[in-house]
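**Q** Let's have the full structure, built from the sequences with the hints guiding it.
There are 2 protein chains.
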Amino acid sequence: MTVSPRGSARTEAIMRTALELGRETGYAKLSMEAVAARAGAGKHTLYRRWPSKGALLLDSLLHLHAPDLDYPDTGDVVADLRTQIHAAVDLLGNPPFGPLYRALIGEAQHDPRLAADLNKRFVTPQTEKTVARLRTARERGELSPAFDLDLAMAVLSGPLYFRLLITQEPLTHAYVDRLLRALFDGMGA
Amino acid sequence: MTVSPRGSARTEAIMRTALELGRETGYAKLSMEAVAARAGAGKHTLYRRWPSKGALLLDSLLHLHAPDLDYPDTGDVVADLRTQIHAAVDLLGNPPFGPLYRALIGEAQHDPRLAADLNKRFVTPQTEKTVARLRTARERGELSPAFDLDLAMAVLSGPLYFRLLITQEPLTHAYVDRLLRALFDGMGA
Numbered sequence: 001m002t003v004s005p006r007g008s009a010r011t012e013a014i015m016r017t018a019l020e021l022g023r024e025t026g027y028a029k030l031s032m033e034a035v036a037a038r039a040g041a042g043k044h045t046l047y048r049r050w051p052s053k054g055a056l057l058l059d060s061l062l063h064l065h066a067p068d069l070d071y072p073d074t075g076d077v078v079a080d081l082r083t084q085i086h087a088a089v090d091l092l093g094n095p096p097f098g099p100l101y102r103a104l105i106g107e108a109q110h111d112p113r114l115a116a117d118l119n120k121r122f123v124t125p126q127t128e129k130t131v132a133r134l135r136t137a138r139e140r141g142e143l144s145p146a147f148d149l150d151l152a153m154a155v156l157s158g159p160l161y162f163r164l165l166i167t168q169e170p171l172t173h174a175y176v177d178r179l180l181r182a183l184f185d186g187m188g189a
Numbered sequence: 001m002t003v004s005p006r007g008s009a010r011t012e013a014i015m016r017t018a019l020e021l022g023r024e025t026g027y028a029k030l031s032m033e034a035v036a037a038r039a040g041a042g043k044h045t046l047y048r049r050w051p052s053k054g055a056l057l058l059d060s061l062l063h064l065h066a067p068d069l070d071y072p073d074t075g076d077v078v079a080d081l082r083t084q085i086h087a088a089v090d091l092l093g094n095p096p097f098g099p100l101y102r103a104l105i106g107e108a109q110h111d112p113r114l115a116a117d118l119n120k121r122f123v124t125p126q127t128e129k130t131v132a133r134l135r136t137a138r139e140r141g142e143l144s145p146a147f148d149l150d151l152a153m154a155v156l157s158g159p160l161y162f163r164l165l166i167t168q169e170p171l172t173h174a175y176v177d178r179l180l181r182a183l184f185d186g187m188g189a
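Residue numbers (UniProt numbering), protein chains in the order written: chain A, 1 to 189; chain B, 1 to 189.
There's no promise every hint is true.
One copy or two, either will do: identical chains are not told apart, so a pair holds if it fits within one copy or between any two.
Said to hold, decoys possible - No more than 25 Å apart at the CA atoms, straight line, and that leaves these computed lysine to any residue pairs for SDA-like:
{"id": "1", "residue 1": "K129", "residue 2": "T167"}
{"id": "2", "residue 1": "K29", "residue 2": "D117"}
{"id": "3", "residue 1": "K129", "residue 2": "Y27"}
{"id": "4", "residue 1": "K129", "residue 2": "R178"}
{"id": "5", "residue 1": "K120", "residue 2": "A37"}
{"id": "6", "residue 1": "K120", "residue 2": "G93"}
{"id": "7", "residue 1": "K29", "residue 2": "D185"}
{"id": "8", "residue 1": "K120", "residue 2": "Y175"}
{"id": "9", "residue 1": "K120", "residue 2": "R178"}
{"id": "10", "residue 1": "K120", "residue 2": "A87"}
{"id": "11", "residue 1": "K120", "residue 2": "P99"}
No lab work stands behind these hints, which were simulated from the structure alone.
Source: prediction; values computed, not measured.
**A** If you want it as structure tokens, here you go:
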């Protein structure tokens, strides 16, 4: 058993409860009150730390399922993108991260503060990793010198979000492989 | 003044009121009750036709702002994509369509029926137009024979949805132009 300050162990228990209840009831029916009751904490304790259930769930997902989405560098950029994006869809396409992440993005359309947190804590760090890996590839001549690195994240993850949020079809490794082929082998004449 | 059956003029008045109130209050604060009251209709009249405010708004947007997003065919596929996607971002990036469409996608993350309607009535027809235009280009040798037409919509519109829903940066013509350059000139070595 790890020794942790009492406050932090309690915070972690609340976050575990939030994810557990979120999985059971779905995002829409989840309430701060229900999380507080099951965690044996006061409602005000929760609101002191998290302004909304969206903020609580985002914090819980990132803290308890800290995504390990680093890019390998084997010297083959397409293979390395494939490895990393397979890991990303395993995370985004499955519980607990997937359905709650989708619900958080839905909520972010009405909650600018949650939208900003989601970008700051998850999307921006992932974007920076993606740009760094592609910059190396561009320097090595694996990508055209014309490739616009600032658009890398939109180009590579946009089609995943399209499936996750719009068509709501499953995110599979096969879909990732087809996408990478379409992008790298199929766009030009 | 056009002659229209009484039911349909009334339906249209309710839809106009829904969009007007939606713009004024934002999606989250909009209620079926408020729309009914301002339109001088009974709440039950609204619920008989639309199961939720999401369904009412989707119907209103598509009926009153029927998107005209056809592709031209000038013989230059990238130029034609540019023309059509400029029109799409003018629609999706501005009121009344833009903010309400974004809110509807948010709501669709919690409402499977709305998600299905959104696909059936807007996304799928647009996808069919996109595939048809790109099939012609592939047949003419403007796209690689390897290009996977079934992914065309995800590849081309995914990066727009990424900006609309995730980073929430503005959708501009300049962004579209950079995207098309990155996709068509920049992915390969």
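**Q** Which numbered hints are broken by the structure, listed smallest first?
**A** Of the numbered hints, 3, 5 and 7 do not hold.
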